Amino acid sequence: MAAPHPQDWLRVTPAGLFCEPGGFFIDPTRAVDRAVISHGHSDHARPGHAHVLATRETLAIMTARMGEGRAGATQQALRCGDALDVNGVRVWLRPAGHVLGSAQVCMEWRGSRAVVSGDYKRQADPTATGFEVEPCDLFVTEATFALPVFRHPPPEAEMARLLRSVALFPERTHVVGCYSLGKCQRLIAMLRQAGWDRPIHLHGAHQALCRTYEELGVPLGPLRPATVAKKDELKGAIVLAPPGAVADRWARRLAEPVVAVASGWMRVRQRAKQGGVELPLVISDHADWDELLATCTEVQAPEVWVTHGREDALIHALAQRGIKGRALHLVGLGEEEEDIPAEEPAA
Amino acid sequence: MSLPAFAELLERLVFTPGRNAKLALLRQWFADQPDPERGIGLAALTEELTFSAAKPAMIREIVAARTDPELWRMSYDYVGDLAETVALIWRPRAGVNAPPPLLSEVVEALETTPKAEIPAVLAGWLDTLDAGARLALIKLVTGGLRVGVSARLARVALAEWSGVAVEEIEEVWHGVAPPYASLFQWLSGQAPRPDPREAPVFRPLMLAHPLEETDIAALRAEDWRAEWKWDGIRVQLTAGPGGRKLFSRGGEDISAAFPEILAAMEFHAVLDGELLVMRGEEVAPFADLQQRLNRKSVTARMLKEHPAAVRLYDILIDGEEDLRPLPFDARRARLEAWHGRVAPARMDVSPLVAFDSLDALARLRDGARAASIEGLMLKRGDAPYVAGRVKGLWWKWKRDPLTVDAVLMYAQRGHGKRSSFYSDYTFGVWREDGELVPIGKAYSGYTDEELAWLDRWIRNNTINRFGPVREVDRGIVFEVAFDAAQLSSRHKSGVALRFPRIARIRRDKPVEEADRLETVLALVENHPR
Chain A
1 MAAPHPQDWL RVTPAGLFCE PGGFFIDPTR AVDRAVISHG HSDHARPGHA HVLATRETLA
61 IMTARMGEGR AGATQQALRC GDALDVNGVR VWLRPAGHVL GSAQVCMEWR GSRAVVSGDY
121 KRQADPTATG FEVEPCDLFV TEATFALPVF RHPPPEAEMA RLLRSVALFP ERTHVVGCYS
181 LGKCQRLIAM LRQAGWDRPI HLHGAHQALC RTYEELGVPL GPLRPATVAK KDELKGAIVL
241 APPGAVADRW ARRLAEPVVA VASGWMRVRQ RAKQGGVELP LVISDHADWD ELLATCTEVQ
301 APEVWVTHGR EDALIHALAQ RGIKGRALHL VGLGEEEEDI PAEEPAA
Chain B
1 MSLPAFAELL ERLVFTPGRN AKLALLRQWF ADQPDPERGI GLAALTEELT FSAAKPAMIR
61 EIVAARTDPE LWRMSYDYVG DLAETVALIW RPRAGVNAPP PLLSEVVEAL ETTPKAEIPA
121 VLAGWLDTLD AGARLALIKL VTGGLRVGVS ARLARVALAE WSGVAVEEIE EVWHGVAPPY
181 ASLFQWLSGQ APRPDPREAP VFRPLMLAHP LEETDIAALR AEDWRAEWKW DGIRVQLTAG
241 PGGRKLFSRG GEDISAAFPE ILAAMEFHAV LDGELLVMRG EEVAPFADLQ QRLNRKSVTA
301 RMLKEHPAAV RLYDILIDGE EDLRPLPFDA RRARLEAWHG RVAPARMDVS PLVAFDSLDA
361 LARLRDGARA ASIEGLMLKR GDAPYVAGRV KGLWWKWKRD PLTVDAVLMY AQRGHGKRSS
421 FYSDYTFGVW REDGELVPIG KAYSGYTDEE LAWLDRWIRN NTINRFGPVR EVDRGIVFEV
481 AFDAAQLSSR HKSGVALRFP RIARIRRDKP VEEADRLETV LALVENHPR
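Chains as they are written, first to last, in the numbering used here: chain A, 1 to 347; chain B, 1 to 529.
No lab work stands behind these hints, which were simulated from the structure alone.
Computed from a prediction, not measured in an experiment: that's the story for all the values here.
Note that the Cβ used here is the ideal one computed from N, Cα and C, for glycine as well.
Possibly wrong hints are sitting among the right ones.
Listed next, the in silico DSS-like pairs over lysine-lysine satisfying Cα-Cα at most 27 Å (straight line) [what the hints assert, rightly or not]:
no.: 1; chain 1: B; residue 1: K115; chain 2: B; residue 2: K139
no.: 2; chain 1: A; residue 1: K235; chain 2: B; residue 2: K22
no.: 3; chain 1: B; residue 1: K22; chain 2: A; residue 2: K273
no.: 4; chain 1: A; residue 1: K231; chain 2: B; residue 2: K22
no.: 5; chain 1: A; residue 1: K273; chain 2: B; residue 2: K417
Far from chain A, by Cβ distances over 12 Å, these chain B residues were calculated [stated by the list, open to error]:
no.: 6; residue: M74
no.: 7; residue: W90
no.: 8; residue: R332
no.: 9; residue: D359
no.: 10; residue: K441
So here's chain A without its partners, still in its complex pose:
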């Protein structure tokens, strides 16, 4: 008997992707009974599920962000490479390279294999295990940066630009807007790799997750709260803060700040200018155009579903490669990742 088509057992519901025979959702956007979570970003990991399955790191991050008890009434950790049987569905995780603990959710039912990528990247990241290719019949991908104008430059080169700017303006504070989970810790680790061993100052919103990362075994070096630091101490310092804070009132405490933002969106000038960014750094935790196409090809799936992002361009390009694409239009994904300085910080 031929293996079933993935659409026979993996359905799109208002709450998100649902594995029917397994009875669980993947990254559901509302509270459900059983959820498998790809990574800790709030658009993928929502509070209030009864049972949560994820990597140990993702569970720890969820608990740190949501509070004890809200990150799944019962939590089950699954190591990458280990497999479970859930009502006849084989379930296992493979690293996605997006943030610490991020994993692709791999499922096989009656010989039909589907892989849900969550968010992912192929660039190296000292804080996240690198993406691993899992060949499959159906690959479910993100498409945040699915336009050929998005090609992320080597992150080391962007980091070098930041450090050149720090050398050129030693009297000023460089404040880098970055998302608090993943990007912040990746930047810190990259700064350490580049030889920056001075204390790095953090906005209050970034401190808790840095502690979580360190508890999970990711060393970040000396960190200091930016909020209580004296202005003089911040001269020549690097401060990390949420994108919403870097060009607003919070930043007034800094010494003549050079406003930088680290995001894949910084690739487009107009986007960077909008936020009053003085030093745009193109550093992203998402796959760029080339990585998306390469990944969709390497997994050898005849069919690719696109959860969120610029699905039209990706589906067009996949068709040219003989791969059938389908846009899922999953509502609620991609919301946490809007890391452009906002007019006002969202609280």
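Model the placement of chain B on the given structure of chain A, informed by the hints.
Only chain B this time, still in chain A's reference frame:
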């Protein structure tokens, strides 16, 4: 190194709002780059050096040959800018490992390559560059860098980098040309100062300090000469065998915008004066002159409807003779004699204002309400013509400002240090039908404490947002000071203010009691007759 380094400089300049930061970036460029790269970069930034080797359509064709049309369309839609879309979407051919071109190589090739071969040359360069450098190259070859670096800013950066006074650099500036090798050699102490010979160069202007009430008591009437301060733009006219030029106060060459003045410069001299639009004997309001400024060329209609003239203040050089060391009185006599002898078209001499005491002069100042007059200039009779703003030799004594009580309507965030503050304010007055109509915008005059207070108030009283602009509840009355009110078809209210600034926040005044439009219109001086 060079083109990617230039691209990084460009990108930082584009995103950097602060003047000091821009200067630091330029200084570093001058220090790090070899000749001729630094000079070519300088010329490209100030748009002394522009190319039209490639039109946007050509760039479009080059990229179309390599790009899927659907993906191009979606990308262009998203990015919105042709040059940037091309720079981002360009996919270097596999296996290209040629080094990126030097800026000088690009410039030389653009000048010598036959037009038909330019697309292939461009594509070859694009293959060697990253996205930022590709954008710089495309902007460069299509002639549109637009990075907001004026020649003046560049000269200040050169001065800071070299330690040579900016006035000295200004004197040679118009006598040197890209890639400025002789300039850089002089500034780095390796060669004598370039000799402009007869080239029409700019001589830095002598500037005045504002006269404060406390300064007046120390002045003795007999030491001082008075002139009207005309409301145009200060210019320097330089003409001789080497050519003719009209310079703005900061040394920008504005000759192209005023061909009628250039045509009238049939002499060998350097003069200081005020550029005005004049109809017969009458000086038109500043708004008319504004129509003529910042143009690369000018239409016959403009020349007819907004004819320019120069009211002369001073003579710096007569023929070969440098008069700047002479005292004002002697120069003034030379100016009058020169004007009588040469009688140039479109130029008259700004008259001296007779007075016997400073009190009498103060009364004259207060009485002068013509829109064309900003106030008085006081010049020491024995002062030589010295570059810059030397205190105690020249004073500007502006007439007291007019004021109006207006209601804050919209606020916008400032730039640089003020980027976290709502610091730019649009204010309005009441029209007869009870509607508030905007009459101007101001972003100065308040203290830091007032700014912080206004910022808080604006955030708490926003009723609408339009991109970076917030509309606020009617609740703040400003006393707005300004130099003149003029009719304007550009504003909904029909009136425009000259130099508006916030004089006071009238926390005591209810908004209903702010001024009415009729009150402002009564202050207008260019009523049509």
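Checked hints:
1. K115/B x K139/B: Judged against 27 Å, a Cα distance of about 18 Å means the pair holds.
2. K235/A x K22/B: 19 Å, holds
3. K22/B x K273/A: 16 Å, holds
4. K231/A x K22/B: 23 Å, holds
5. K273/A x K417/B: 16 Å, holds
6. M74: 5 Å, violated
7. W90: Check fails; 9 Å does not lie beyond 12 Å.
8. R332: Since the minimum Cβ distance to chain A is about 47 Å, R332/B lies beyond 12 Å and the statement holds.
9. D359: Answer for D359/B: holds, closest chain A Cβ roughly 47 Å.
10. K441: 19 Å, holds
In summary, the structure is inconsistent with hints 6 and 7 from the numbered list given earlier, while agreeing with the others.
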